[in-house]
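Visitor: Residue numbers (the numbering used here), protein chains in the order written: chain A, 1 to 299; chain B, 1 to 299.
None of these hints come from the bench; they were simulated from the model.
There's no promise every hint is true.
Intra- or inter-copy, both count: the list cannot distinguish identical chains.
[As the list claims (entries may be wrong)] Capping the alpha-carbon separation at 27 Å, the derived lysine-lysine pairs in DSSO-like fashion look like this:
no., residue 1, residue 2
1, K2, K233
2, K2, K234
3, K233, K135
4, K135, K234
Computed from a predicted structure; not experimentally measured.
Protein chains: 2
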Amino acid sequence: MKLEALIVGSAAGGGLPQWNCACRLCRLARAGDPSVEPRSEACVAVSADHQHWLLVGASPDLHQQVSENPVLHPAGDGRGSPIFGVLLISADIDGIGGLLVLREQQPLQIFAPRAILQVLEDNSVFGVLDPTIVKRIVVRESQPFDCGFGLTSTLLPMPGKVPLYAEDPLAAEPASGEAYAALVEHEGRSILIAPACAEINQSVRETLGRGDIVLFDGTFFTDHEMIEGGLGKKSSRRMGHVPIEGPDGSLSRLADLPGRRIYFHINNTNPILLNDSPERRRVEGAGFEVAYDGMELRL
Amino acid sequence: MKLEALIVGSAAGGGLPQWNCACRLCRLARAGDPSVEPRSEACVAVSADHQHWLLVGASPDLHQQVSENPVLHPAGDGRGSPIFGVLLISADIDGIGGLLVLREQQPLQIFAPRAILQVLEDNSVFGVLDPTIVKRIVVRESQPFDCGFGLTSTLLPMPGKVPLYAEDPLAAEPASGEAYAALVEHEGRSILIAPACAEINQSVRETLGRGDIVLFDGTFFTDHEMIEGGLGKKSSRRMGHVPIEGPDGSLSRLADLPGRRIYFHINNTNPILLNDSPERRRVEGAGFEVAYDGMELRL
């Protein structure tokens with residue numbers, strides 16, 4: 001048996017197309033133009049036996065994502081699921097919203113750091129996942145833990161910010177908060193999933209070096225993408241995401257990273273989503289791949 | 001301009017197929033069998049001008065629902081939406097979960113009774129809808145209010161129960177809670193949307209008589225559908241839904257209701273979902289219609 005990952009969602013929050021966006025990329029995706037594939041919000045399913053799957057992240061698109069990926073369909077003729085657990089690495093809506101989809105009395109394990117479990121505790125709507133059936137398991141950062149079914153995971157800290165809904169509206173800058181990458185391993189092979197990283201320092205570079213495959217924060221191409229597009233007032237870094245471009249950007253800072261590097265958690269404003277854009281050619285020319293929904297990775 | 005409604009989702013919580021269900025209907029829907037159309041969780045869009053739409057209910061499937069219904073797509077080339085507001089009539093996950101989809105700095109109005117707004121207040125995740133942009137407006141039951149764009153709505157009380165996540169796990173029966181029907185009117189024409197009704201008493205019959213079109217709770221066909229299918233331990237009534245069948249069921253109790261009667265909010269266990277089932281023929285023979293995703297209603 002080998003470690004495998006299925007990218008069930010590759011976009012940042014909002015997906016592509018985003019419900020209220022008519023930017024060029026959203027319009028093309030909505031029209032079914034072959035130059036842009038629609039993408040749902042970020043979620044990765046990982047398995048060591050092709051039968052039991054751990055979700056890393058639970059996006060609000062999860063109902064559709066399960067429907068569209070046959071390996072995640074229940075077998076037999078009653079209730080059940082190949083999804084045995086969910087590892088939460090972000091308390092942002094696009095990292096936890098899909099838990100509400102996973103109701104319906106299905107036994108599951110939720111693995112998460114204490115701060116994210118506290119968000120679930122503080123928000124009674126998540127009580128729809130009956131705690132006698134859906135176990136919540138505290139995970140400590142940097143300590144490998146056995147998820148079952150051949151998978152070992154480790155939460156690795158990343159520079160980040162608090163979730164949007166937890167920001168202080170009066171503060172000029174958001175509090176720096178915990179963001180995590182997930183390292184998932186099986187028999188010495190590993191995939192590292194890092195959808196949010198506010199800057200790439202030496203510690204981050206070392207962390208990313210631990211993955212045979214690295215799915216890295218590809219949210220924005222430039223730091224001012226949202227502002228220049230007239231779609232928002234915040235820079236990429238302000239939103240907790242290092243941009244791809246620039247001297248401190250990920251393209252430059254991760255150029256010499258060993259292993260497969262795949263941009264993931266891509267915002268609908270990012271021109272790398274356009275199959276034939278100069279930006280797409282630039283990242284591919286530098287040896288990076290661009291994630292898409294349904295992408296299969298095997299190790 | 002005329003009142004029109006678009007059923008963007010016609011299923012009960014879980015939809016069809018449900019993520020963790022391999023019952024006969026879910027299997028058929030998943031396989032693309034023409035005898036069962038897939039259905040998303042209940043939501044109705046209403047408009048008096050075909051340009052501005054009020055959503056009644058916000059289901060977790062909302063991202064996909066907006067994508068699949070062109071009248072709900074943003075026009076122009078920036079951010080925007082034809083959806084100007086959301087009327088909440090249930091605090092169940094399938095009635096509010098989609099609010100998390102409606103983030104992204106889009107001006108909106110949320111109309112809801114105080115108890116449902118309190119749920120949003122108590123659950124910080126809904127803070128992702130910035131209250132300076134997304135207005136929360138308290139609606140009082142039985143008092144018509146102007147939603148804008150030609151629509152007047154009235155919340156009408158229905159016999160119901162508290163949401164699942166708010167039930168006392170030690171109580172034998174759930175507390176009776178507020179359920180509502182929404183009456184939406186334009187120039188004397190009306191549509192009444194009642195996805196949850198635990199029993200049909202005389203008051204309910206009078207309320208339902210106010211709609212030219214009535215979308216009524218079609219969750220379960222029989223009271224013991226979940227139990228007999230081995231899919232749950234609760235009766236239909238215990239879950240806050242009067243069954244279709246039986247002497248006190250809706251088929252019998254609403255047989256003489258004037259106006260169009262359409263079953264809506266249909267659970268994936270309900271055999272009326274099967275196009276050629278005896279149960280489907282029975283409800284249609286009695287003059288009821290069965291809602292489907294994309295169904296258009298004009299008055």
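Visitor: Hint by hint, where does the structure go against what was stated? Just the numbers, ascending.
Guide: 1 and 2
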